[in-house]
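Novice: Respectively, the protein sequence lines represent chains A and B.
Residue numbers for the first sequence follow my numbering, beginning at 1 and rising by one.
Residue numbers for the second sequence follow my numbering, beginning at 409 and rising by one.
To be clear, the hints were calculated from the coordinates, so they are not data collected in a lab.
Quick caveat: nothing in here was measured; it's all calculated off a predicted structure.
All residues carry an ideal CB built from backbone N, CA and C; glycine is no exception.
Treat the hints with care, since some could be wrong.
[To be verified] With the Cβ distance kept under 7 angstroms, some of the chain B side facing chain A (calculated, not the full set): (1) L412; (2) F430; (3) D471; (4) A476; (5) P515.
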Amino acid sequence: MLDTSIRADFPILARKEHGHRLVYLDNAATTQKPRQVLDAILNYYSTSNANVHRGAYGLAVAATEAYEGARGVIARFVNAWAVEGVVFTRGTTEGINLVAGSWGRANVKAGDTVVVTAMDHHSNLVPWQMLCAEQGATLRMVEVTADGRIDLLDFGRALEARPRLVAFPYVSNSLGTVNPAAELTRLAHAAGAVVVVDGAQATPHLRVDVQALGCDFYALSGHKMLGPMGSGALIAKPALLEAMPPYHGGGEMIERVWDDHSTWNQIPHKFEGGTPNVEGAVGLAAAVAYLERIGMDKIAEHEQTLARQAIERLSQIEGVTIYGPKDHRAGVVPFTYGDIHPHDLATILDRDGVCIRAGHHCTQPLMRRLGVPATARASFYVYNGVDDIDALVAAVRKAGELFGVVTA
Amino acid sequence: MSDLGDLYQQTILDHNRNPRNFRRLEKANRTAEGHNPNCGDRIKVFVQLAGDTINDIGFQMPDGAGCAISKASASLMTTAVKGKPVAEAETLFQAFRDMLSGGPIAPGKLAAFGGVRAFPARVKCANLAWHALHAALRNESDPVTTESARDF
Chain A
1 MLDTSIRADF
11 PILARKEHGH
21 RLVYLDNAAT
31 TQKPRQVLDA
41 ILNYYSTSNA
51 NVHRGAYGLA
61 VAATEAYEGA
71 RGVIARFVNA
81 WAVEGVVFTR
91 GTTEGINLVA
101 GSWGRANVKA
111 GDTVVVTAMD
121 HHSNLVPWQM
131 LCAEQGATLR
141 MVEVTADGRI
151 DLLDFGRALE
161 ARPRLVAFPY
171 VSNSLGTVNP
181 AAELTRLAHA
191 AGAVVVVDGA
201 QATPHLRVDV
211 QALGCDFYAL
221 SGHKMLGPMG
231 SGALIAKPAL
241 LEAMPPYHGG
251 GEMIERVWDD
261 HSTWNQIPHK
271 FEGGTPNVEG
281 AVGLAAAVAY
291 LERIGMDKIA
301 EHEQTLARQA
311 IERLSQIEGV
321 TIYGPKDHRA
331 GVVPFTYGDI
341 HPHDLATILD
351 RDGVCIRAGH
361 HCTQPLMRRL
371 GVPATARASF
381 YVYNGVDDID
391 ALVAAVRKAG
401 ELFGVVTA
Chain B
409 MSDLGDLYQQ
419 TILDHNRNPR
429 NFRRLEKANR
439 TAEGHNPNCG
449 DRIKVFVQLA
459 GDTINDIGFQ
469 MPDGAGCAIS
479 KASASLMTTA
489 VKGKPVAEAE
499 TLFQAFRDML
509 SGGPIAPGKL
519 AAFGGVRAFP
529 ARVKCANLAW
539 HALHAALRNE
549 SDPVTTESAR
559 DF
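Construct the complete structure from the given sequences, taking the supplied hints into account.
Specialist: Next up, the structure:
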């Protein structure tokens with residue numbers, strides 16, 4: 001397990017919440033930022049700020065180097081196919097919308113099928129709903145098993161339609177399930193589909209190697225891995241990006257502009273119209289450096305240990321139900337407690353400084369299948385420790401005392 | 409500092425555990441649905457108007473559950489407006505809304521929700537049922553959401 005002395009790097013953790021130490025357990029929603037990331041952003045604006053890729057002066061070169069240097073850092077972190085296969089985005093949502101809006105519109109036609117899963121976050125579902133509605137294509141949702149895994153039998157059945165594209169999450173944000181992404185990719189490819197992996201919840205928590213996964217597109221968010229909000233990347237096979245039409249028109253993404261038409265810049269710039277979020281890229285690169293210094297394997301082990309302990313101790317409370325699979329899960333612990341609504345639970349926990357998420361977690365189709373309108377969710381990261389689980393469990397017990405839990 | 413006891417007062421816990429008028433009203437001649445998209449809570453309010461009087465009222469939460477605040481608020485609302493003229497129900501709605509936005513404490517048992525003011529994230533939960541009632545009384549057919557309602 002990681003040492004809690006790491007908390008000294010995170011200024012926000014000094015905040016008091018209703019007189020209590022801040023116990024931040026909503027890391028699947030967003031993560032806190034270490035001083036190293038904050039410093040990198042401050043340093044960028046203090047020393048290197050100019051618009052990128054166009055200035056003929058030294059400062060602009062420095063800004064461009066900072067931005068392009070960050071691209072290289074991200075590429076190495078996930079073992080991208082090539083540096084030019086890393087498109088900076090505002091986050092996973094934009095990455096997936098880029099694939100749907102560009103590759104999807106060009107390649108998904110009337111009568112085609114797009115496959116998603118019942119555990120996909122709305123960001124890996126709604127763009128495909130929109131695309132299918134626009135193109136007259138069919139959206140096929142693969143079912144989940146009772147213990148919260150992708151139903152491989154149903155996945156196989158869905159592939160019989162020879163879908164154009166298959167999208168799934170590497171790690172489920174609602175259940176913590178770590179899906180067999182390489183295997184799912186192999187099966188989808190065998191059926192002739194292009195594969196999109198939602199990496200929002202996996203990239204922060206385990207060692208990601210997109211070439212080993214073998215997928216075609218992989219989207220990630222910076223803010224879920226200690227980086228700034230509004231930062232992220234779409235990792236793609238360069239040949240696919242080359243063949244795709246642009247997503248956003250504007251400056252930077254063009255080669256030459258005529259009165260009535262234009263030609264496009266090289267990848268990845270073809271997909272980065274407008275002044276980019278250089279501060280976000282620089283901050284994200286600093287976050288990656290921070291995570292690599294700790295080591296992704298250590299981080300995964302740390303979170304899994306915390307999740308195991310949390311599950312074990314919450315399960316000892318009569319009336320608590322834990323959702324998700326027994327094994328192959330990341331540091332996400334979804335639960336309900338008797339008939340206490342998760343929002344009431346979150347309000348009560350907040351009074352003890354414990355921040356958890358309550359609700360549908362942007363996975364409404366999954367919630368319907370679980371048969372609950374909402375769950376409470378504790379999710380861990382590098383700065384969490386056993387003392388956070390102590391606080392969580394004590395606050396959950398307190399909620400039970402206040403409400404007088406009736407177990408089903 | 410506000411205490412959890414101020415939010416979850418005994419009246420609220422009681423109405424959450426034993427909601428009053430928690431039923432579909434077969435003879436309803438006005439219904440409306442309220443939805444809080446932030447949390448997914450849904451409520452359906454059934455009203456039987458006789459002339460200008462709320463003769464009977466009931467509510468359901470179609471997804472099977474709502475939080476304690478939204479459920480207890482709906483329950484207390486039904487007891488507060490049952491048998492009252494429509495104009496009086498609207499006055500109570502106004503008083504309740506005013507209380508939640510920092511105004512004076514509402515009359516009677518509705519005062520139990522005064523503590524919600526210290527929990528801004530939960531104000532919408534308390535208001536949900538009242539917005540549905542308001543829509544039902546005005547015979548609005550579209551579901552109201554806590555986002556479209558102007559006074560939040």
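Novice: Which of the stated hints cannot be reconciled with the structure, identified by number in ascending sequence?
Specialist: 2, 5
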